[in-house]
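Peer 1: Chain C is already provided as a structure; the job is to place chains W and H with the ligands on it using the hints.
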Amino acid sequence: MTAHADIAHGETAHEHAHPGIGTYVKVGVILFVLTAAEVAVYEFGYNHAGAGFGALLHPVVIPVLLVLSALKFALVAMFYMHLKQDSRLFSSLFVFPLIIAAVVIVALIALFAYHYAFQKLIH
Amino acid sequence: MATTAVEHAHADVHAHGSKTGLWSWITTVDHKRIGILYGATAFVFFLMGGIEALLLRIQLGRPDNTFLSPEMYNQLFTMHGTTMIFLAIMPLSAMFFNYMIPLLIGARDVAFPRLNAFSYWVFLLGGLFLNSGFLFGAAPNQGWFGYANLTSNQYSPGLNVDFWMIGLQILGIASLAAGVNFFVTVLNLRAPGMKLMRMPMFVWMSFITQVLILLAFPVITVALILLMFDRFFGSHFYVPSAGGDPLLWQHLFWIFGHPEVYILILPSFGIVSEILPVFSRKPLFGYAAMVFSGAFIAFLGFGVWSHHMFSTGMGPIADTVFSLSTMLIAIPTGVKIFNWIGTMWGGSLQMKTPLYFCLGFIAMFIMGGLSGVMHASPPADLQQTDTYFVVAHFHYVLFGGSIFALTAGAYYWWPKMFGRMLSESLGKLHFWLMLIGFNLTFFPMHFVGLLGMPRRVYTYPKGLGFEIYNQVETAGAFLLLIAFLVFIWNVIRTTRGPANAPADPWNGATLEWAIPSPPQEFNFAEVPVVHSRDPLWETKRERGGQLPEPVRVSGAGIHMPHPSYWPAVAAIGVAAVFVALMMLPKLGPAGVVVAVAILFLGVFKWAFEPA
Amino acid sequence: MAPAADHATTTGLDSRKMAIWTFIGSECLFFASLISTYLVYRGKSLVGPFPHEAWTSPAGQHFEPILEIKLVTVGTALLLFSSLFVVIALNGAQRNRRGQLLTFLGLTIMCGIFFVGMQVYEFTHFVHEGLKLQTNLFGASFFTLTGFHGTHVTMGVIWLITMFILALRGKVTPEKALNLELAALYWHFVDVVWIVIFPVVYLMK
Ligand code: HEM
Ligand SMILES: [Cu+2]
Chain C
2 MTAHADIAHG ETAHEHAHPG IGTYVKVGVI LFVLTAAEVA VYEFGYNHAG AGFGALLHPV
62 VIPVLLVLSA LKFALVAMFY MHLKQDSRLF SSLFVFPLII AAVVIVALIA LFAYHYAFQK
122 LIH
Chain W
8 MATTAVEHAH ADVHAHGSKT GLWSWITTVD HKRIGILYGA TAFVFFLMGG IEALLLRIQL
68 GRPDNTFLSP EMYNQLFTMH GTTMIFLAIM PLSAMFFNYM IPLLIGARDV AFPRLNAFSY
128 WVFLLGGLFL NSGFLFGAAP NQGWFGYANL TSNQYSPGLN VDFWMIGLQI LGIASLAAGV
188 NFFVTVLNLR APGMKLMRMP MFVWMSFITQ VLILLAFPVI TVALILLMFD RFFGSHFYVP
248 SAGGDPLLWQ HLFWIFGHPE VYILILPSFG IVSEILPVFS RKPLFGYAAM VFSGAFIAFL
308 GFGVWSHHMF STGMGPIADT VFSLSTMLIA IPTGVKIFNW IGTMWGGSLQ MKTPLYFCLG
368 FIAMFIMGGL SGVMHASPPA DLQQTDTYFV VAHFHYVLFG GSIFALTAGA YYWWPKMFGR
428 MLSESLGKLH FWLMLIGFNL TFFPMHFVGL LGMPRRVYTY PKGLGFEIYN QVETAGAFLL
488 LIAFLVFIWN VIRTTRGPAN APADPWNGAT LEWAIPSPPQ EFNFAEVPVV HSRDPLWETK
548 RERGGQLPEP VRVSGAGIHM PHPSYWPAVA AIGVAAVFVA LMMLPKLGPA GVVVAVAILF
608 LGVFKWAFEP A
Chain H
12 MAPAADHATT TGLDSRKMAI WTFIGSECLF FASLISTYLV YRGKSLVGPF PHEAWTSPAG
72 QHFEPILEIK LVTVGTALLL FSSLFVVIAL NGAQRNRRGQ LLTFLGLTIM CGIFFVGMQV
132 YEFTHFVHEG LKLQTNLFGA SFFTLTGFHG THVTMGVIWL ITMFILALRG KVTPEKALNL
192 ELAALYWHFV DVVWIVIFPV VYLMK
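Residue numbers (my numbering), protein chains in the order written: chain C, 2 to 124; chain W, 8 to 618; chain H, 12 to 216.
This is chain C alone, in the form it adopts within the complex (with noise of 0.2 angstroms):
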């Protein structure tokens, strides 16, 4: 009983150094400012292509979204998801995972467009 009493205090101990609401909300700040920032990429990058900074966005349109969804993904993994106060354990229980799931999608994507390609030149 006595071990199980230390348990919980030291899950509260622990809880007491996850972020307070200031944090959150500001976060929660960000995340909405990237939102906007996303559709406004796709907005200036596509339907204003033809001049000025849409032009400038629209061949990097897609590596900007990724690149901003990549932040906001990170941004509730570390506050809201506790990661970046958390045992590391729990980090790389949800990173090595998302590094071999990357792996199968980028290879996945890289495969049946070589596949396409070759098809085509030999036949």
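Heads up, a few of these hints could be off.
To be verified - Among chain W residues calculated to face chain C with C-beta under 7 angstroms, some are:
| no. | residue |
| --- | --- |
| 1 | Leu222 |
| 2 | Phe309 |
| 3 | Met321 |
| 4 | Gly322 |
| 5 | Ala325 |
Claimed, not checked - Simulated DEER-style distance windows between Cβ atoms:
| no. | chain 1 | residue 1 | chain 2 | residue 2 | range |
| --- | --- | --- | --- | --- | --- |
| 6 | C | Ala71 | H | Arg108 | 32 to 38 angstroms |
| 7 | W | Gly353 | C | Phe74 | 51 to 57 angstroms |
| 8 | W | Thr327 | C | Ala37 | 44 to 50 angstroms |
What the hints assert, rightly or not - Straight line, CA to CA, 30 angstroms or less: simulated DSS-like cross-link-like pairs of lysine-lysine:
| no. | chain 1 | residue 1 | chain 2 | residue 2 |
| --- | --- | --- | --- | --- |
| 9 | C | Lys121 | H | Lys216 |
| 10 | C | Lys85 | W | Lys202 |
| 11 | H | Lys81 | C | Lys27 |
| 12 | H | Lys143 | H | Lys216 |
It should be emphasised that the hints constitute simulated quantities derived from the structure, not laboratory data.
From the three backbone atoms N, C-alpha and C, an ideal C-beta is built for every residue, glycine too.
Peer 2: Same frame as chain C, now just chains W and H with the ligands:
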């Protein structure tokens, strides 16, 4: 909480409920009993798969045979492969995960005992469902790899493929639930002092296996979902006429499929790595190298899947990449083999049955690995793929590898699990029959494969030079049958015999041998403290020789989780959801609603029940 | 729950929290497979309607690009805010602030329900416009990917409603805040998946 504990045969009777009878098995959450359930169920499936194989071999025993119709042949070879992989080898490994991991790490149970029961019941229902196709004369008939677009409504209009894809879907849920459970168990329930690098090798390899299960099974889940949508709802993921690409199935299937073959072999690596030191009277050679090679195999295992697809014309760059990564994987595999040999080198070998099977394992697995490296080369593979050469390869790794090692594990841990020693002489007879039968059955497949005999075809014409090989193979298969009958006889004889196993019959090195055989419900009356990799050997050294036979204690005051039938209800819910999906045209959405209700009932009752 | 709760765990971390993280790790591969399918089949549909391009069928029927960016942007924002709300609710549970807990948990659930509602509306709208699971590869992979995400959101909503009822009965105390934290972790994961899906499906042409 237990207030009284009565000695009853070999099981403790706790205050909360009787520990015998069918109901006690249905509601059990004890990892040892669940382990036995897994083992018994998997062995029955193994026998079914074996009988299917014998029928196939009879058909192939002579050319132009009509013993089996082509349709029956297709069903049998599909069910044979699917059964052996998902219903025999995986759950036999799961039997050892269940029974042995908590004992090896000094824990009283797994992290989530009821989730563990849930896994078993889902597995059982999935296995039964998969096989129920036979009752309708519509067992799966498209091969264990289920290549698209053979599985489309157009080419497989019957229920056969439905039984397969839904059966596998259900089984995947069982594996994933167990994967989470054992992953957490190994990380979180180790006895004090058991650091990661002190874990027994079987625990390490099982742990890596769980990682593979957790990362590979979701992929086949998706592949099967897409297939389900194609078949049930008329989407066109795998239908070329609508732009779909059957290669997508192959990729998704093998992204799962190659890790899957390591899911099948890594636990066996672990078993062999437990047995060899004990019977060589020497610690495992190259412990760290064993751990890292296992991890490396698993990691690389995610980057080689397309070696199953060389013949699809991926293109030279893709071929080269996957060929190289495949050859690379042979290196950590070789490291393991050298370490096993190094463990035995200079040891004082105790020639007991478990060691026999381990030696058989090493020799046979090397041969399977070598043929694997041969078709890692695309030009060679184009000759070998879809022939009996590949059949030879994967039987050398799966039968010569996994089954030999699992059998070794059965002989090794039998005394611990059942308190009785299997007969040594029958065990050795079993070994020789199995070794000879195995090689007679599968070695000629190398030749007949290179001669061009295609796999998955129900017969072959006279005069191509295939006859003699196939006759030998069929004869070998019957020898294998006899080998397993000897094993069954051994088990029956032993079970009828006296409970003669001491706690530590082999002079073991790991924690399970410190407690009575079979263990009491709570495993360890006192949680052990670990100071080294071979904790029991160390204790024996310190105390100068064998330890006294441990006494059974009352266990009063040790809190064990209560039995529960809600995991079984939830499992029924899971199976029901899928069956309702399959019968959607007949039952309509009402069926799904009822099934989901059962599932939710089970899950909520389970969640709010006191543990 | 687990017998492990009786004594300290090896890592000192809670087993259930480790389990939910393990599960989330596994789910990454689930969504990776669905996203791969979507991307591999991008632009491979033989007939329309298409996500970003107009299309006229051989019979002369005209289809506008089908995706409704505005609607989905609102849904996306809802899901993002729900992540913020649930973390504030958790904060309330941990500090025994009942009002904060109930208010923000309620808001989270509302956002979740609105998101699902948005998706139901979107799906019916598409079917109306002539895009079904069976229409083309885009329809198949779009409905499967976003549909399975939506199923996850629905599961999350059910889980959160359960927590809300428990909270109403005063059972989400600081000692039991972990129960809510588990649900919140799952909820954030579902949000994070949408953070990937939103640009990949809706914003990239
Ligand atoms: C040195 C290690 C290994 C290498 C290089 C290797 C390589 C290969 C290759 C290239 C194939 C494809 C052959 C073809 O279809 O043309 C194959 C098939 C197969 N391998 Fe291995 N392998 C290895 C170890 C294993 C192990 C350890 C297992 C299982 C325990 C295994 C099980 C299988 C199975 C089941 C197939 C056939 C799948 C099918 O087409 O139905 N292999 N292997
Ligand atoms: Cu492979």
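Peer 1: Each hint needs a verdict: does it hold in this structure or not?
Peer 2: Here's how the hints hold up against the structure:
This hint holds: W/Leu222 has a C-beta 6 angstroms from the nearest C-beta of chain C, less than the 7 angstroms allowed. Taking 7 angstroms as the C-beta contact cut-off toward chain C, the hint placing W/Phe309 at the interface holds, the least distance being around 6 angstroms. Here the hint on W/Met321 is kept, as its CB sits about 6 angstroms from the closest CB of chain C, short of 7 angstroms. Nearest Cβ of chain C to the Cβ of W/Gly322: about 3 angstroms, under the 7 angstroms cut. The hint holds.
Annotation: W/Ala325 was flagged as interfacial toward chain C, and the flag holds, the nearest CB pair being 6 angstroms apart, inside 7 angstroms. The given range of 32 to 38 angstroms is respected by C/Ala71 and H/Arg108, whose C-beta atoms sit roughly 34 angstroms from each other. The supplied range of 51 to 57 angstroms is met by W/Gly353 and C/Phe74, whose beta-carbon atoms lie about 54 angstroms from each other. Checked against the hint of 44 to 50 angstroms, the pair W/Thr327 and C/Ala37 passes, with Cβ atoms roughly 45 angstroms apart.
As the CA atoms of C/Lys121 and H/Lys216 are separated by approximately 24 angstroms, the hinted pair is consistent with the 30 angstroms bound. Taken as a hint, the C/Lys85 and W/Lys202 pair is honoured in the structure, with Cα atoms around 25 angstroms apart against an allowance of 30 angstroms. About 24 angstroms separates the Cα atoms of H/Lys81 and C/Lys27, which keeps this hinted pair within 30 angstroms; it holds. This hinted pair checks out: H/Lys143 and H/Lys216 have alpha carbons roughly 20 angstroms apart, not beyond 30 angstroms.
In terms of the numbered hints stated before, the structure departs from none.
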